[in-house]
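Asker: Letter by letter, the chains look like this.
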Amino acid sequence: MKQLTVIFECIGSTVLLAVRAARYAGTLPRQFPRFIEQCYLIGYTTLPIVTILSFFIGAVLALQSGYSMENYGTKQFIGTLVGLSLVRELGPVMVAILVTGRVGSAITAELASMKVYQEIDALVTMDIPPERMLVLPRLVAVLVMMPVLTIIADLCGWYGGALICKYSAFISIEPDTYFAALKRYMEVKDVCDGLIKAEVFGFAVVLVCCNIGLKTRGGPREIGASVTKAVVTSLIIILVLDYFVTKALL
Amino acid sequence: MSEPSAAPVAAKTFGVTIEKLCKSFNGTAVLKDVSLEVRPGEIFVIMGPSGSGKSVLLRHIAGLDQPTSGRVFIGDFDAADARTRARVRLALVFQAGALFNSMSVYDNLALYLREHRLYNEAGIRERVMQALQILSLAKAADKYPGELSGGMKKRVSIARALVMEPELLLYDEPTSELDPVMAATIIEIIAALRRHTAVTSLVVTHDRALALTIADRMAILMDGRICAIGRPAEFEHPTDPAIANFLNPTIDLEHPRFKQLENDHE
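Protein chains in written order, with this note's numbering: chain A, 1 to 250; chain B, 1001 to 1266.
Isolated chain B (complex conformation) (with noise of 0.2 Å):
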């Protein structure tokens, strides 16, 4: 892996502020009152079990789904408003990847530049390549995300994030599905962006390592609920049962539900 040194420097980072925010899906509350601020510059971690409402928080930072209730800011812009698309320049890693898959990586990565008419053609090449150099990934500018592992798909959403030149960038999940050294490369990727960019990063994950090693600041959703925010060393001996069941899970195969398993299956 390169060293990103040479990582295009955003011009401005912007903060999040989310406000009550309260998102019901059929009469089904997913969020619930969440509230929280993410600082300009730093890297915020946002982890909770699966089903707790990450991703849905996620989209509507991203300004995919409106709130039901309450309001998400980027800077002083309203997250649900299509116009902050237009003045925040916003970049998401999908938990899947989300690459075009009737485009090969370069035009996936030279969309923005090129819808956006950024850079002439030549710019826009040099700025592509730069990204795939980075992330290691040169050698499979012609091949199409049908022919990419997980890992690489990974890494070629971070790379088309990365040519955009964000001021808020948000990943979904960016280590699942990833063998060990995988995840253990992105998150290295991760922590250097960040360090060469200076742009904020909001990471979804339920990855505890992740969450540990890069976070500046952290908090915990579950059930729709923000449990607790603070520093990745405050959650090292949390104090909350269930928090501390989430973060050091123990396995107790004496513990009633699997005795009823066992029994079920005599």
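So that you can see chain A by itself, here it is in the shape it has in the complex (with noise of 0.2 Å):
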């Protein structure tokens, strides 16, 4: 009974941190130099591991399918099925997971120390909230780089399966091959339906570590603490909303 309060409380403390954050949206225009360093931090920061990973995971997810497909003698559906689980599926969830590990925890990591050495406190005094000037540019900045970076992910995975489908001898499919079925089913709606779940998850994952910082108590071991609390939350409600997000747009 008292877990499920604890869970309660929290998921009413990171709505609460939305909707204060969202009060001040307007003051976003003279925010834009924190907004663009934002933008850097958790898009560009990001870039490198996002596409390495995803060029592997496209050329894995060839690599198993062709092996699997030749018995079937539908090899010519790799294009197809890597296209359309990087879209749909894979690209977004794996975006968001690279976003809680790369950014999530810095994000925890700085508001905790922040709290822990009373700046937070600092900023209070000054009637100067939190919330407009360390929340509102990060969830602003996570909404514009997250399609970004989904899409790139996308790409490369696209990418990394027609070359592993050329030079592969027991698939060796053409790259014009793979990428006609590639396009032949694949639809804006599938494009649309990632992108839309990567918002979603960049969005809970930047408040929940958000949240979990600006709410640290104690000393500097609780930082750490925070940090994989943030982290371990992050990657359960990436999964969960998954379920959810991808139930609503079928």
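No wet-lab data here; the hints were simulated from the structure. Watch out, some of these pointers could steer you wrong.
Not the full set, but computed from the structure, chain B residues with beta-carbon under 8 Å of chain A [to be verified]:
#	residue
1	Leu1090
2	Tyr1112
3	Leu1113
The model shown is predicted, which means the values in this text are computed figures rather than measured ones. Heads up, the beta-carbon is just placed ideally off N, CA and C, and yes, glycines get one too.
Take the two lone chains and join them into the complex the hints point to.
Answerer: This is the structure we're talking about:
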């Protein structure tokens, strides 16, 4: 019962944080430098790892599906399978997980440290709401950067698959055939659904990480504990939301 | 230290009224029925031993903590109401400085003015540099808090408060962890700031020298209760044994507890 109360309190405070941050949406134009800085941290610094991982996930997906589909004579559909899997599911989920590890943990560490060393209290006494200065630019930046990262992840994954299909001896499919299959069964809705998922995941991850960081109490040891809590909570939320958002979009 | 005659003058200042303030953490009472009044323009010092609830009291005045019962007013405004911070320009000098570690000293000072869009960048620069010069910190403008000594951090924290042109100035243990010379400097700064800005200053400390030197009035907080309020002269020869022991502690190495330690050691 106590754990249930803690969970509901956590959900309540996270939603409240989003509402409080949204109240300052009008201040966004004058926070443009902060927004750009967050776009750089969330987007640019995550890009290399997104590129590398998505390329190899696409490659492995092509390899595994090629190995299985060869037995059924359906190799020509590898492009469709890799394309749709990445766009609808693997792309957004993988980017969200990478953003959690690369950005979410850093956000929690920074805010928790500010809380522990009373920097947040100093902001409050100066009548500078932390939701306005620290949360809002991050939320807007993640909403802008998630679709960009997801599209790049999708493209890298497709090309990873195409490369494996061409050079793998037992698959041996030309890129033209691979991409023709990919285009034939893919609709704009598939891409949009994937981007909606990415937006939901990114928003949830940054919100949860900000909330846990701002709620940190105690000394430096609690900063590490908060980071662990934020990452674990974010990963669970991504997978739970994935089910519900997928169900809603189907 | 340059003379702080160029310090910005607060257009107005506020008194503080505390009415039957109680605060408990997990069932443990930290503040018990605290009532006191700080008059506009005075330096009021709250003294007390470590753990007596001084900093918690200060956090309630700053609106950082919500009371379990009772109320705190800054002028006519309830300190627990978040809107009060928009109505009263309140500056708190934190015990550990609470400087923004990711910003330079200059940006730490400029933050309030920028966020509230009080001046253009030239006006902000003028005020920040003025505050830094008052506290002999002009050369540290481009440094980061991590590169500063404890005394410098305290002075930057005071400079940050000064830049805000506060209507109420709160100090949390301003001389703690400082050497005697630096502590004396900080005491001079606090007195000079009040002299030149006429802002209400509330100082929480366990530094007897600080309290007796600068206070217009002072209160003793012990075990969460206000034990005495009066002018510093009234505390020179206290009659209450607990207050006398706190203000003029005697070192008694023959005390039974030390004998016990010796016996345990043997």
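Asker: If a hint holds in the structure, say so; if it does not, say that too.
Answerer: Taking the hints in turn, this is what the structure says about them:
1. Hint status for B:Leu1090: holds, given a least beta-carbon distance of 6 Å to chain A, under 8 Å.
2. The closest approach between the C-beta of B:Tyr1112 and any C-beta of chain A is roughly 5 Å, which is under the 8 Å cut-off, so the hint is satisfied.
3. Among the interface hints, the one on B:Leu1113 is violated; its C-beta lies about 10 Å from the nearest C-beta in chain A, farther than the 8 Å criterion.
In summary, the one numbered hint that this structure violates is 3.
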